[in-house]
Amino acid sequence: MLERRLQGSEAAGRARTDQAVSGERLTTSSTHVSNWLNDQRVIGTLFVMPALLILAFVVVYPFLTAIWMSFQDKMVGAPAKFIGFGNYVELFGDRHFLKTIRNTLVYTLFAVGIKFLVGLAMAMVLAQPRRLDFIYRTILFVPWAVPTIVAALSFRWIYDDFSGLLNNFLIGAFGMQDVISWLGDPDYAMASVIAVVVWSGTPFYTMSFLAGLKAIPNEMYEAARIDGANAWQEFWYVTIPQMRRVFTVVVMLSTIWTSTNLVIVQVLTNGGPANTTQILPNLAYKYALLASRLGIGSAVNMVFFPILAVLIYILSRRMLAERE
Amino acid sequence: MAGVKSSTDHRLKWLGNFCLLIFIIWTLVPFYWMFVTSLKKHKEIYGTEATLWPKDPTLESYHTLFFETDYFLFFKNSMVVALSTTFMTVLCASLAAYAIARLDFPGRKILARGMIYTYLVPQSLLFIPLFAIMVAVGLTNSLTGLTLAHLGFTIPFCTWLLMGYFLSIPKELEDAALVDGCTRLGVLFRIILPISLPALAVVAFFSFTLSWNEYLYAIVFNSAPSVLTIPTGLSNFVVEDVFFWGPIMASTVFTVIPPLVVYFFFQRWLITGLTMGAVKT
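Line by line, the protein sequences give chains A and B. Numbering-wise, the first sequence is residues 1 to 324 according to our numbering. Numbering-wise, the second sequence is residues 1001 to 1281 according to our numbering.
In isolation and in its complexed conformation, chain B is listed as follows (with noise of 0.2 Å):
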């Protein structure tokens, strides 16, 4: 009987092997064909075979993406718009948080529900009105809109967030400061967002994230060359037609550092924000 059993647990073990084989392979593809394409010389990447290895790896692909276009530019206000967003996502989420997990005003348990209702709302849905409202107040065409635009789908998730990391802590740490005179922006500032940095790391990493990441806004909201953000360059260069694999999977590579550092960072929170509330894909 025993031996039955370990038997069975072997071959579900070599199965498991097998699987996270083929899992790790269809998951880094992408990654190393993009890689590998970059370092390729044009004549190569449109030859009649794909090579597996560069013949002769070059970095003429990068060169051409870094002197020839505005990559850099759109790398600067992709990491305006997602630092903003992210400094605005903790403050904003911070104090409204607190308020709705601790503070007794008319409209609290509305607001707790409505959070999520926003958090839930698509994108695909907003897109329009917000065009047409972002053009009537003269916020297309800037990073402040768009920034603006990412709070919209930032702030309800990191709010449900905070508000439940905040019912966690215990009402006495801040009792005793409200009784020596603090204010409820001090006790927020010097007593519960210092204990809260683990939740506030997790916000930050899926603020900066989620931003850095969105497209559908940035390419509707933003068309002039000054204040386009990566993944409206991106896509700029594949309408253009004009432009070649190479670059194009040298600024892939570039564009997934930045996220990539984040999550490397941070990964180990990536279930913890899980458990507080649902990620967005």
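So here's chain A without its partners, still in its complex pose (with noise of 0.2 Å):
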């Protein structure tokens, strides 16, 4: 649809260009230079240019550097040395590396699963008729405005292990016995970290659900209800298939931006404890900041590359189809 808008609009910029230059041809010189202004070949490319170099300087260049530089051994402040796959065979021979793609795989999986399944909830919830519907709209989306800094300090107090609200509200509530490390305990610490990523995340999933929720025409539900279809059927057989696109692209958006923030592991737990929860992009931070390795640590980023790719791929194309 853009593709033939585009098409269109270009025909139209050809007959005005063709006519600002049969118009050249009979007018005298002093209007030379207002013709060339009105060139869309030069206006155009003026005013593409400020946005095509800002994005050129911190996106492609780096983008390309990025893919280089995984097959270097570049330290800060340091000439650079090609050194081939060297990066790559250093890291996979790494046992720990091998957890750290582990731990990735079942932190993006869980934390972009569970997101689902509660947008969806809270997306269903808030398409309920209800009174003064618009206040609870706004709070449920409000972590998407909070910064996520502030969600993992604050949840990194609530997770504290004496004075924490989260410990106390168990003994107090529950009579638990013992503090439980949330943070610090190899088999709650993962748990503990997505469960943060959920609540600073969702919010995206129950804005994009709402909004696929309230496009689909009721005459579908009356119709399925025509049929006999209980709340149940109407559910998986309406609303599911409907929702499908919406579905996709949103996993889509969310696996990308989720596999690869590392905020809120870094805040919380920094990886440990016993690299329980280091992920890649964490990982890559410690190898490039902490220890300069600037080299291998975009190679940590780039293992994942090939998967994200598909996934980026995948997604402007159909960004680019939907666009009408």
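Calculated from the structure, these hints are not laboratory results. There may be inaccurate statements among the hints.
[Stated by the list, open to error] Using 20 Å as the maximum straight-line C-alpha spacing, the simulated SDA-like pairs for lysine to any residue come out as follows: (1) Lys1109(B) - Arg317(A); (2) Lys1109(B) - Ile171(A); (3) Lys1043(B) - Asp161(A); (4) Lys1013(B) - Leu213(A); (5) Lys1109(B) - Leu52(A); (6) Lys1109(B) - Ala321(A); (7) Lys1013(B) - Thr239(A); (8) Lys1109(B) - Ala191(A); (9) Lys1043(B) - Thr1064(B); (10) Lys1055(B) - Phe169(A); (11) Lys1013(B) - Phe134(A); (12) Lys1013(B) - Ala78(A); (13) Lys99(A) - Asp185(A); (14) Lys1109(B) - Leu53(A); (15) Lys214(A) - Ile1133(B); (16) Lys286(A) - Val89(A); (17) Lys81(A) - Leu64(A); (18) Lys286(A) - Ser1235(B); (19) Lys1013(B) - Asp133(A); (20) Lys81(A) - Val1135(B); (21) Lys81(A) - Ala1136(B); (22) Lys286(A) - Arg1268(B); (23) Lys286(A) - Val1238(B); (24) Lys1109(B) - Arg318(A); (25) Lys214(A) - Asp1009(B); (26) Lys81(A) - Ile1133(B); (27) Lys286(A) - Pro1122(B); (28) Lys1109(B) - Tyr313(A); (29) Lys1013(B) - Val89(A); (30) Lys1013(B) - Leu132(A); (31) Lys1109(B) - Ala80(A); (32) Lys1055(B) - Gly172(A); (33) Lys214(A) - Gln1267(B); (34) Lys286(A) - Ala1132(B); (35) Lys1109(B) - Ser316(A); (36) Lys99(A) - Ala191(A); (37) Lys1041(B) - Gln1267(B); (38) Lys1043(B) - Asp1056(B); (39) Lys1013(B) - Ile135(A).
Predicted model only: the values in this text are computed from it and were never measured.
Since each chain comes alone in its own frame, lean on the hints to assemble the complex.
Structure below.
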């Protein structure tokens, strides 16, 4: 659709340029400058230039450098040395690195899965007719606007061993005997991290799903009801199929952003205890910023890139195709 | 039959209300705990029981935060970066989106596609090389460098969003002005942008929020005390380990205020933004 529109406006643009050109032949040279300034090729290039230069500098060039750098032995402030697959060989020879890959997969799978389910439940509840519904909507969307660092810090305090809200609540309300070290105990650390990721990331799902639910024509539910469908069947045979498109886009976007976000892990556990919550982006950070080894840090990030590239490719095709 | 139906509806409604209550508690607990902690005395915070309301509410933590740390400086730096990012995004994205949506020039289709690609490339892939680049050009420890880095994710998304909006504006509106000798820049600023105010509001809202909340670039590029933004400043509070939870919670309370104010004003555009493109989490 976008392509078609672009083509249409291109044709129109060409017609206008032709007009300008033929007009130019008839007029004196004093209008030459203004015609030149109306040439779409010139104006168009000038208009995109600021955005293009900035993006080339902070996205395109760094991205290409990231790939190249992963094949280099590069320290901060020192000249780089090409070492082929040296960084990758070092990484895959390390038992901890394989564990980090596994952690990243588990973390992403559970975080995305839970956000999906909670987001869908929230959206369905918000879609029910209710008085003052905009208030509830506003509240449930709030974590979206909260800086991730704030979410991470406030949960770190909630998880505090002795003075934290969670342990005190469990002791007071359920008579729990011993405090649980939510972020220090290898059995609980990953789950505690994922809970925070879910808290801060669910609103994106809720918003998208709510928009999707509202776009389902009411006639479809009426038709299902006439056919004698119960609430569950309506959900299963009308809602779910109608939402499929929204589901895939949201899950793909969220997978890209969840698997590459290190803020929450870094602030809560920084990969500990005993590397149980270490994920790739946080490991990359450690290599690059704490050990100053930029090359191997880039290689850590590149390990997941093939998966991300596929997601990015599919998503970009969908986003282009859906633009109307 | 009708009776069965309405009793199911009734049950669903109450199940919904119950879930809603749980969701609201789950969402609000961290805010409540943040706020309550910030009002407690040091001794009460680290006491053996977690009181749900301060026994003796005090502004001690706020006093520490404002007078014994550089929080105001962090706040100012974050404001400068977020506002510059917003301004630059609106400017660059409007120009680029108008060109891609309306003008015939070589490479526009590739650009339309490229905007999505650049938007989807995750930050974690870029921060290491970008750090090396910033070091090389001397833009580390500067608010300019950080603003530029933030433009890397605000411009693609906002250009994409504005393109969609501009394409929905009928061409006839500008044709008349062009015939009358108005320049393209004139058309953009006098005709297109004034009727695109809702979309520009969305763009400004997203740019401000994303820039204000951004953590990774901020912590990687800037370490000099004079250019720290809030996320870096806050995480330093924790790392240094000399800091206490009272002032930290006080600082989080203050940090959420600007994005929340913007959010409450603009939240109805959030869904609009979603239907026009995808929202970054």
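Results for each hint:
{"no.": "1", "hint": "Lys1109(B) - Arg317(A)", "in the structure": "holds (13 Å)"}
{"no.": "2", "hint": "Lys1109(B) - Ile171(A)", "in the structure": "violated (61 Å)"}
{"no.": "3", "hint": "Lys1043(B) - Asp161(A)", "in the structure": "holds (16 Å)"}
{"no.": "4", "hint": "Lys1013(B) - Leu213(A)", "in the structure": "holds (17 Å)"}
{"no.": "5", "hint": "Lys1109(B) - Leu52(A)", "in the structure": "holds (14 Å)"}
{"no.": "6", "hint": "Lys1109(B) - Ala321(A)", "in the structure": "holds (13 Å)"}
{"no.": "7", "hint": "Lys1013(B) - Thr239(A)", "in the structure": "holds (17 Å)"}
{"no.": "8", "hint": "Lys1109(B) - Ala191(A)", "in the structure": "violated (44 Å)"}
{"no.": "9", "hint": "Lys1043(B) - Thr1064(B)", "in the structure": "holds (15 Å)"}
{"no.": "10", "hint": "Lys1055(B) - Phe169(A)", "in the structure": "holds (18 Å)"}
{"no.": "11", "hint": "Lys1013(B) - Phe134(A)", "in the structure": "holds (17 Å)"}
{"no.": "12", "hint": "Lys1013(B) - Ala78(A)", "in the structure": "violated (65 Å)"}
{"no.": "13", "hint": "Lys99(A) - Asp185(A)", "in the structure": "holds (17 Å)"}
{"no.": "14", "hint": "Lys1109(B) - Leu53(A)", "in the structure": "holds (17 Å)"}
{"no.": "15", "hint": "Lys214(A) - Ile1133(B)", "in the structure": "violated (46 Å)"}
{"no.": "16", "hint": "Lys286(A) - Val89(A)", "in the structure": "holds (18 Å)"}
{"no.": "17", "hint": "Lys81(A) - Leu64(A)", "in the structure": "holds (17 Å)"}
{"no.": "18", "hint": "Lys286(A) - Ser1235(B)", "in the structure": "holds (16 Å)"}
{"no.": "19", "hint": "Lys1013(B) - Asp133(A)", "in the structure": "holds (13 Å)"}
{"no.": "20", "hint": "Lys81(A) - Val1135(B)", "in the structure": "holds (18 Å)"}
{"no.": "21", "hint": "Lys81(A) - Ala1136(B)", "in the structure": "holds (17 Å)"}
{"no.": "22", "hint": "Lys286(A) - Arg1268(B)", "in the structure": "violated (40 Å)"}
{"no.": "23", "hint": "Lys286(A) - Val1238(B)", "in the structure": "holds (17 Å)"}
{"no.": "24", "hint": "Lys1109(B) - Arg318(A)", "in the structure": "holds (15 Å)"}
{"no.": "25", "hint": "Lys214(A) - Asp1009(B)", "in the structure": "holds (19 Å)"}
{"no.": "26", "hint": "Lys81(A) - Ile1133(B)", "in the structure": "holds (17 Å)"}
{"no.": "27", "hint": "Lys286(A) - Pro1122(B)", "in the structure": "holds (18 Å)"}
{"no.": "28", "hint": "Lys1109(B) - Tyr313(A)", "in the structure": "holds (16 Å)"}
{"no.": "29", "hint": "Lys1013(B) - Val89(A)", "in the structure": "violated (58 Å)"}
{"no.": "30", "hint": "Lys1013(B) - Leu132(A)", "in the structure": "holds (15 Å)"}
{"no.": "31", "hint": "Lys1109(B) - Ala80(A)", "in the structure": "violated (36 Å)"}
{"no.": "32", "hint": "Lys1055(B) - Gly172(A)", "in the structure": "holds (18 Å)"}
{"no.": "33", "hint": "Lys214(A) - Gln1267(B)", "in the structure": "holds (17 Å)"}
{"no.": "34", "hint": "Lys286(A) - Ala1132(B)", "in the structure": "holds (15 Å)"}
{"no.": "35", "hint": "Lys1109(B) - Ser316(A)", "in the structure": "holds (13 Å)"}
{"no.": "36", "hint": "Lys99(A) - Ala191(A)", "in the structure": "holds (16 Å)"}
{"no.": "37", "hint": "Lys1041(B) - Gln1267(B)", "in the structure": "violated (35 Å)"}
{"no.": "38", "hint": "Lys1043(B) - Asp1056(B)", "in the structure": "holds (11 Å)"}
{"no.": "39", "hint": "Lys1013(B) - Ile135(A)", "in the structure": "holds (18 Å)"}
When each numbered hint is compared with the structure, violations occur for hints 2, 8, 12, 15, 22, 29, 31, 37.
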